[in-house]
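Trainee: Sequence:
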Amino acid sequence: MTQPDFHVFTRSDLADVALGPEDVISAVRQGYLALAAGDSRCPTKLMMPLPDQARDAVAYSMLGFDANSQQVGFKTSYRQGNDNRDKYYTVISLYDDTTGMPFALMDCDRVGASRTPATTALIALECAKPDARSALLIGTGVQGQLTLPYLQTALPGLERLMLFGTAPEGIQACVEAFHRYFPDREVEIVDDVPEAVAEADIAVAASGRAAHPKVKTSWLKPGGLLISVSSKGVDSSSLRDADYALATSEGQLGVTGSRFDDGEGKATIDAEFPDVLAGRKPGRRHASDRVFAFSSGMVITDIPVAHALATRAIEAGRGTRVRLWS
69 MTQPDFHVFT RSDLADVALG PEDVISAVRQ GYLALAAGDS RCPTKLMMPL PDQARDAVAY
129 SMLGFDANSQ QVGFKTSYRQ GNDNRDKYYT VISLYDDTTG MPFALMDCDR VGASRTPATT
189 ALIALECAKP DARSALLIGT GVQGQLTLPY LQTALPGLER LMLFGTAPEG IQACVEAFHR
249 YFPDREVEIV DDVPEAVAEA DIAVAASGRA AHPKVKTSWL KPGGLLISVS SKGVDSSSLR
309 DADYALATSE GQLGVTGSRF DDGEGKATID AEFPDVLAGR KPGRRHASDR VFAFSSGMVI
369 TDIPVAHALA TRAIEAGRGT RVRLWS
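The numbering of the sequence shown is my numbering, which starts it at 69 and goes up by one.
Quick caveat, the hints were computed from the structure, so don't treat them as lab data.
Treat each hint with caution, since some may be false.
Claimed, not checked - With a straight-line cut-off of 30 Å between C-alpha atoms, the simulated DSSO-like cross-links for lysine-lysine are:
hint	residue 1	residue 2
1	Lys349	Lys282
2	Lys300	Lys289
3	Lys197	Lys289
4	Lys334	Lys284
5	Lys284	Lys197
6	Lys300	Lys282
7	Lys197	Lys282
8	Lys289	Lys349
9	Lys334	Lys289
10	Lys282	Lys334
11	Lys334	Lys349
12	Lys349	Lys300
13	Lys282	Lys155
14	Lys284	Lys349
15	Lys155	Lys300
16	Lys334	Lys197
17	Lys155	Lys197
18	Lys300	Lys284
19	Lys197	Lys300
20	Lys155	Lys289
Stated by the list, open to error - Restraint-style ranges between C-beta atoms, simulated for each label pair:
hint	residue 1	residue 2	range
21	Glu383	Arg353	37 to 47 Å
22	Arg308	Gln138	38 to 48 Å
23	Tyr146	Ala83	18 to 28 Å
24	Arg153	Asp84	33 to 43 Å
25	Ala127	Thr166	41 to 51 Å
26	Asp164	Asp84	23 to 33 Å
27	Arg153	Ala86	20 to 30 Å
All C-beta atoms in this analysis are idealised placements derived from N, C-alpha and C, irrespective of residue type, glycine included.
Please work from the sequences and hints to get the whole structure.
Mentor: The following block contains the structure:
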């Protein structure tokens, strides 16, 4: 029997493969819609904190099936230290369910850095008030650096874009990423988080262990939207103080957002985002609602983005074929 090949892609293989905001947002949208329709599968992610607290290490594992690409995906992540990118490793492997054969094994850094802001943009599109004109990004790490251009792509009516960060290189990376897609627009650097949240129609908290006051939903003006990208920079009161609350996955909220529980071991939300995107639940009830959205990465958004990147990388002659089972 002929042994199957795995296409293996390193981070550098994928670094300059073209995949713009519109393509990623579309792929992520279709991933959520297939899940909402019951065609895809996405069990709750596993999280395992490691026992030596001084190392500040955690491991994640996710398994899913994307009906659109007909790919099964296994994603694993290991991180030691919340703010040390040199000790964060994430990998995804894809299997083609139409052939029963392996397809790709790849670094997942760029996948996560693309599908996360795409989810943020889609939440903003569905849950922000229709006349939203301003957005604030808090945090300048890899998961947030594409947030502003993706928001601007999904909501072209945004007129004021604000950014708060504490790392000069991160701030520069965010601004450069935005100007790559919108060279004629400006990003306003802010230094007062509560004041900026109060002025923004959309506030995105993508900070880790934040060097800023923890963001509260109560700081929002009426009609404001706060999106937490699994951020530790969001106060635990933010969900219960919201007029309307949603999460990308209620199950994963219990895993990665347990600090938002009501004191009795559970966190209550009004909707899951795939149902909002499918039109089964509203993004908000009233124009004046202060809305809180908890975004936790889901493998059914990783899979279509990874498949698109791998397909384009193969067409460009990138990567290595490995006969892992020979």
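Trainee: Work down the list of hints and note, for each, if the structure agrees.
Mentor: Checked hints:
no.	hint	verdict
1	Lys349 x Lys282	holds (29 Å)
2	Lys300 x Lys289	holds (22 Å)
3	Lys197 x Lys289	holds (12 Å)
4	Lys334 x Lys284	holds (19 Å)
5	Lys284 x Lys197	holds (18 Å)
6	Lys300 x Lys282	holds (8 Å)
7	Lys197 x Lys282	holds (23 Å)
8	Lys289 x Lys349	holds (23 Å)
9	Lys334 x Lys289	holds (27 Å)
10	Lys282 x Lys334	holds (21 Å)
11	Lys334 x Lys349	holds (21 Å)
12	Lys349 x Lys300	holds (27 Å)
13	Lys282 x Lys155	holds (25 Å)
14	Lys284 x Lys349	holds (24 Å)
15	Lys155 x Lys300	holds (19 Å)
16	Lys334 x Lys197	holds (28 Å)
17	Lys155 x Lys197	violated (39 Å)
18	Lys300 x Lys284	holds (12 Å)
19	Lys197 x Lys300	holds (25 Å)
20	Lys155 x Lys289	violated (38 Å)
21	Glu383 x Arg353: 37 to 47 Å	holds (46 Å)
22	Arg308 x Gln138: 38 to 48 Å	holds (40 Å)
23	Tyr146 x Ala83: 18 to 28 Å	holds (21 Å)
24	Arg153 x Asp84: 33 to 43 Å	violated (19 Å)
25	Ala127 x Thr166: 41 to 51 Å	violated (31 Å)
26	Asp164 x Asp84: 23 to 33 Å	holds (25 Å)
27	Arg153 x Ala86: 20 to 30 Å	holds (24 Å)
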